[in-house]
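Spelled out, the chains give:
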Amino acid sequence: MSTGDRRRDRVLSRLVQAAFLIAVLTLWHLATTKWGVSRLLLPNPARVYDELKDVLRSGEFVGDLRITLTEVAVAFVLSSVGGVALGFLLSRSPYLVRVFEPLLAAIYSVPIILFLPLYVLFFGLGPASKIALGATISFFPIVLNTIAGFSTVERVHVVAARSMGASDFQLFRWVLLPGALPVILAGLRMGFIVALLSILGSETIASLAGLGHRIVHLAEAMDTARMFAYIAFVVAIAASLNVIVTMLEVRGRR
Amino acid sequence: MRSQDVAVRIRDVSHQFGEEGEAHYVNALLGTSLDIARGELLCLIGPSGCGKSTLLNIIGGLLIPTAGTVHVGVTPVRGPLPRDIAFVFQENALFPWSTVNENVMLGMMFQGVPRAEREERARKSLTAVGLAEFAHHYPGQLSGGMRQRAALARALSLETGILLMDEPFGALDEQTRMILGEDLSVLLARTDKTIVFVTHSLGEAVFLADRVAVFSARPGTIKEIITVDEPHPRKPDFVTTEKFGALRNRLYTLLHDEIRKAVSESAGRGGAVGDGGAANGAAPPAPRSTRE
Numbered sequence: 001m002s003t004g005d006r007r008r009d010r011v012l013s014r015l016v017q018a019a020f021l022i023a024v025l026t027l028w029h030l031a032t033t034k035w036g037v038s039r040l041l042l043p044n045p046a047r048v049y050d051e052l053k054d055v056l057r058s059g060e061f062v063g064d065l066r067i068t069l070t071e072v073a074v075a076f077v078l079s080s081v082g083g084v085a086l087g088f089l090l091s092r093s094p095y096l097v098r099v100f101e102p103l104l105a106a107i108y109s110v111p112i113i114l115f116l117p118l119y120v121l122f123f124g125l126g127p128a129s130k131i132a133l134g135a136t137i138s139f140f141p142i143v144l145n146t147i148a149g150f151s152t153v154e155r156v157h158v159v160a161a162r163s164m165g166a167s168d169f170q171l172f173r174w175v176l177l178p179g180a181l182p183v184i185l186a187g188l189r190m191g192f193i194v195a196l197l198s199i200l201g202s203e204t205i206a207s208l209a210g211l212g213h214r215i216v217h218l219a220e221a222m223d224t225a226r227m228f229a230y231i232a233f234v235v236a237i238a239a240s241l242n243v244i245v246t247m248l249e250v251r252g253r254r
Numbered sequence: 001m002r003s004q005d006v007a008v009r010i011r012d013v014s015h016q017f018g019e020e021g022e023a024h025y026v027n028a029l030l031g032t033s034l035d036i037a038r039g040e041l042l043c044l045i046g047p048s049g050c051g052k053s054t055l056l057n058i059i060g061g062l063l064i065p066t067a068g069t070v071h072v073g074v075t076p077v078r079g080p081l082p083r084d085i086a087f088v089f090q091e092n093a094l095f096p097w098s099t100v101n102e103n104v105m106l107g108m109m110f111q112g113v114p115r116a117e118r119e120e121r122a123r124k125s126l127t128a129v130g131l132a133e134f135a136h137h138y139p140g141q142l143s144g145g146m147r148q149r150a151a152l153a154r155a156l157s158l159e160t161g162i163l164l165m166d167e168p169f170g171a172l173d174e175q176t177r178m179i180l181g182e183d184l185s186v187l188l189a190r191t192d193k194t195i196v197f198v199t200h201s202l203g204e205a206v207f208l209a210d211r212v213a214v215f216s217a218r219p220g221t222i223k224e225i226i227t228v229d230e231p232h233p234r235k236p237d238f239v240t241t242e243k244f245g246a247l248r249n250r251l252y253t254l255l256h257d258e259i260r261k262a263v264s265e266s267a268g269r270g271g272a273v274g275d276g277g278a279a280n281g282a283a284p285p286a287p288r289s290t291r292e
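So the sequence lines, in the order shown, correspond to chains A and B. Residue numbers for the first sequence follow the working numbering, beginning at 1 and rising by one. Residue numbers for the second sequence follow the working numbering, beginning at 1 and rising by one.
Hints in this document: simulated from the structure, not taken from any laboratory. The hints are all genuine.
Pairwise CB distance ranges (calculated):
#, chain 1, residue 1, chain 2, residue 2, range
1, A, 99, B, 24, 17 to 25 angstroms
2, B, 112, A, 16, 58 to 66 angstroms
3, B, 12, A, 81, 50 to 58 angstroms
4, A, 236, B, 144, 42 to 50 angstroms
5, B, 24, A, 96, 18 to 26 angstroms
6, B, 11, A, 252, 46 to 54 angstroms
7, B, 119, A, 109, 45 to 53 angstroms
8, B, 116, A, 111, 56 to 64 angstroms
In silico negatives: residues of chain B with every beta carbon more than 12 angstroms from chain A:
#, residue
9, 5
10, 18
11, 20
12, 74
13, 76
14, 186
15, 192
16, 193
17, 200
18, 242
19, 246
20, 254
Note that the Cβ used here is the ideal one computed from N, Cα and C, for glycine as well.
Please model the complete structure; the sequences and the hints are all you need to start from.
Structure below.
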């Protein structure tokens, strides 16, 4: 395929994507104006847009956004520090890896969100229970990828470094860490995303504040237009965070 | 050989992997003694799994033998000696996340070369192997032959008296291998390094070596040492001489029986075993590399 063909191909797929979005918005609009779907359940897209402008202009989202982002940040710091440290320590011993890797992988497949009621009992309705849940859920992909990352470091690289006189710290800093980094970074990105998703989700279930809480609150008040505006806002925030984290991961690999 | 001319003294070195009776037990090396002269290029050649790489790793302090001693000069080897010994491994021992230049500099940093000196020495060694223009390439961007040149540059920059090369051209095609061999001979003629070079290739051994140590089948030990009396740098047409042919044939004859033994040992489990008798009864189910 020539470069011209490839560019035309890319432009074409962008056009199809745009057309798809326009079609969804058009159907949404038709559903509320022509097909008689209740405006209480599905507000008109134009009204949602007006509400979104109002949310952004009034700045009322700032408090909830700050709470949610703080919860995500604290949870992610806890799980990444704990996950990378424990993953590294386990990876030092093949025996520990044999014992704990399957165990951690098994726990990872448990839907940890089921423990939310327990976390609420332990930590209350405030941010602490969201942080605990987000940290628990994001811990597993991080620790598992850290173990995998350190196990993929080529033996010959370790032997070569040792033969040249590398100290333990030098071996870690210049051989083990860069060798494991791509896989660890992928784990950190996954961990961040699941922390964000689980915290938003748990805010909608049991919370006092935060973006998830706000959305449920608006739904219960049947203020669906504003609720949709908040959902769009959260989607935009989540998408931008995802883009930022992916960019950081690509940069970190270099 | 006078004692001050001996760079490496190997005495009664034996090595076993695992414990006798265990499934993965391998009696790799048996009672090997050898003096390696200062400034010579010694090739180790032998059938697969005969313990030649094991011996190389023992000399380099990467492996502690189950019996026997190795001295570098007057120092007993009990671990890596980065100031005295540098390694070139078979392949892919360069760090792929660093450029060629960074790889060379890192080696010197590990070894403890002062920062100011590293750059100069990296440039010098990369120029020596003909890679000066590729200093800022990543290993993945180079051919296999160029990667091995870079690995050689990293080892040269360490300025050790001893260079241990573990089948450094083993993964390369015949032509690349020939050119690298010729370049290596030229390069090493200018230094007074002591070099131990493990190879499978008879031609490579005769072309490069001052002496060739031929190993017996497992448990490996040195069966015979052949001297190649030809000055360095060796000219490419050395290969076409009668002398080269005769030495190569001599090696072939010596090795042929050992390779037969090694193959029948690994294939004919349960059947009669050529040599070693009961001692080999617990050999592993497949020919294993003894490289650690």
